[in-house]
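Chemist: Sequence:
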Amino acid sequence: MAKRAAPEVNAGSMADIAFLLLIFFLVTTTIETDSGLNRKLPPMEETEQDVIIKEKNIFQLEVNRNNQLFLKTGGEEKVIEIKDLRAAAVDFLDNGGGTGEDACKYCQGKKNPRSSDNFDKAIISLQNDRATKYDTYIAVQNEIIAAYNELRNREFKRTYPSLNLSFVEAEKAYADPRTSSDTKEKLKSKLEEIKLRVPQKFSEAEPKSN
Numbered sequence: 023m024a025k026r027a028a029p030e031v032n033a034g035s036m037a038d039i040a041f042l043l044l045i046f047f048l049v050t051t052t053i054e055t056d057s058g059l060n061r062k063l064p065p066m067e068e069t070e071q072d073v074i075i076k077e078k079n080i081f082q083l084e085v086n087r088n089n090q091l092f093l094k095t096g097g098e099e100k101v102i103e104i105k106d107l108r109a110a111a112v113d114f115l116d117n118g119g120g121t122g123e124d125a126c127k128y129c130q131g132k133k134n135p136r137s138s139d140n141f142d143k144a145i146i147s148l149q150n151d152r153a154t155k156y157d158t159y160i161a162v163q164n165e166i167i168a169a170y171n172e173l174r175n176r177e178f179k180r181t182y183p184s185l186n187l188s189f190v191e192a193e194k195a196y197a198d199p200r201t202s203s204d205t206k207e208k209l210k211s212k213l214e215e216i217k218l219r220v221p222q223k224f225s226e227a228e229p230k231s232n
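Under the working numbering, the very last position in the sequence shown is 232; numbers go up by exactly one each time.
Since the hints were derived computationally from the structure, they do not count as laboratory data. Be a bit skeptical, because a hint or two may be false.
To be verified - Lysine to any residue pairs mimicking SDA-like chemistry, simulated, CA-CA at most 20 Å apart:
no.: 1; residue 1: LYS143; residue 2: PHE224
no.: 2; residue 1: LYS76; residue 2: LEU93
no.: 3; residue 1: LYS133; residue 2: GLU77
no.: 4; residue 1: LYS132; residue 2: GLU98
no.: 5; residue 1: LYS223; residue 2: GLU177
no.: 6; residue 1: LYS105; residue 2: GLN149
no.: 7; residue 1: LYS94; residue 2: GLN163
no.: 8; residue 1: LYS127; residue 2: ARG180
no.: 9; residue 1: LYS217; residue 2: TYR128
no.: 10; residue 1: LYS132; residue 2: ASP106
no.: 11; residue 1: LYS194; residue 2: LYS212
no.: 12; residue 1: LYS208; residue 2: ALA195
no.: 13; residue 1: LYS132; residue 2: ARG219
no.: 14; residue 1: LYS217; residue 2: ASN171
no.: 15; residue 1: LYS230; residue 2: ARG87
no.: 16; residue 1: LYS100; residue 2: GLU84
no.: 17; residue 1: LYS217; residue 2: ASN175
no.: 18; residue 1: LYS143; residue 2: THR121
no.: 19; residue 1: LYS217; residue 2: ASP113
no.: 20; residue 1: LYS76; residue 2: ASN134
To be verified - Here are the in silico distance ranges between beta carbons for each label pair:
no.: 21; residue 1: GLU98; residue 2: THR205; range: 41 to 49 Å
no.: 22; residue 1: ILE74; residue 2: ALA227; range: 12 to 20 Å
no.: 23; residue 1: GLY97; residue 2: ASP204; range: 48 to 56 Å
no.: 24; residue 1: LYS194; residue 2: PRO229; range: 29 to 37 Å
no.: 25; residue 1: SER225; residue 2: VAL101; range: 15 to 23 Å
no.: 26; residue 1: GLU191; residue 2: VAL49; range: 34 to 42 Å
All C-beta atoms in this analysis are idealised placements derived from N, C-alpha and C, irrespective of residue type, glycine included.
Please take these sequences and the hints and turn them into a complete structure.
Modeler: See below:
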């Protein structure tokens, strides 16, 4: 009795099917994108020096595992709502309580001697708990950055009124590829000047576990 030959598998068809399945997967799969923070970090300093920071120049924020926000500054500690954070940060940064060499040329605050000396000395510090909700973390960060932008906007408009722009608007114009190179060059020096006047000194500590 003659033996039957085993049927051959069409490997070419299987490759086509696998390719079609791959295309189907790529087309139908939804890739979730996480929201995050777009913040340019300052360049790393070549040499590190120990700096003594006065307690009054630190605006210390802490978010616990229950998403409660605590503020410690000027020798006082209290619970603060996120909606009140921006105004509190502006008051701290803009205080201008320094005298002599620490006097602030651009501050318009209350000049409370128990609060920050000037923009350059003022530091905002943030520490979260590992169990802090991400939405709370982002909201706190946004309010802090908004406080810096509010003061930078004020200084930009006061220093360059003819431009009729805020600091944030000038940054957007500088980043816009449609802006001419001449305009960008003019904006660059002005933006850098305002950043020097109102430096963003915002430190974030390692999250803690309770």
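Chemist: Would the pair LYS194 and LYS212 pass a check requiring their Cα atoms to be no farther apart than 20 Å?
Modeler: Holds, at roughly 13 Å.
Chemist: For the pair we were handed, LYS100 and GLU84, check the Cα-Cα distance against 20 Å.
Modeler: 10 Å, holds
Chemist: Please work out if LYS230 and ARG87 have their alpha carbons no farther apart than 20 Å.
Modeler: 9 Å, holds
Chemist: Tell me if the straight-line CA distance from LYS143 to THR121 falls inside 20 Å.
Modeler: Holds. LYS143 to THR121 sits at ~12 Å (cutoff 20 Å).
Chemist: At the C-beta level, are GLU191 and VAL49 separated by a distance inside 34 to 42 Å?
Modeler: 40 Å, holds
Chemist: Would the pair LYS133 and GLU77 pass a check requiring their Cα atoms to be no farther apart than 20 Å?
Modeler: Answer holds: LYS133 to GLU77 is near 16 Å, not above 20 Å.
Chemist: Assess, step by step, whether the Cα of LYS208 is no farther than 20 Å from the Cα of ALA195, and give holds or violated.
Modeler: Given pair LYS208, ALA195 holds - Cα atoms ~11 Å apart, limit 20 Å.
Chemist: Tell me if the straight-line CA distance from LYS217 to TYR128 falls inside 20 Å.
Modeler: Measuring from Cα to Cα gives roughly 13 Å; hence the hint holds.
Chemist: Given the proposed pairing of LYS132 with GLU98, does the C-alpha separation stay at or below 20 Å?
Modeler: 17 Å, holds
Chemist: Take the C-alpha atoms of LYS127 and ARG180, compute the straight-line distance between them, and say whether it is at most 20 Å.
Modeler: Cα-Cα ~13 Å, so holds.
Chemist: Is the straight-line distance between the alpha-carbon of LYS217 and that of ASN171 20 Å or less?
Modeler: 10 Å, holds
Chemist: Measuring from beta carbon to beta carbon, are GLU98 and THR205 in 41 to 49 Å?
Modeler: Given a distance of about 46 Å, which is inside 41 to 49 Å, the answer is holds.
In the structure shown, no violation is registered for any of the earlier numbered hints.
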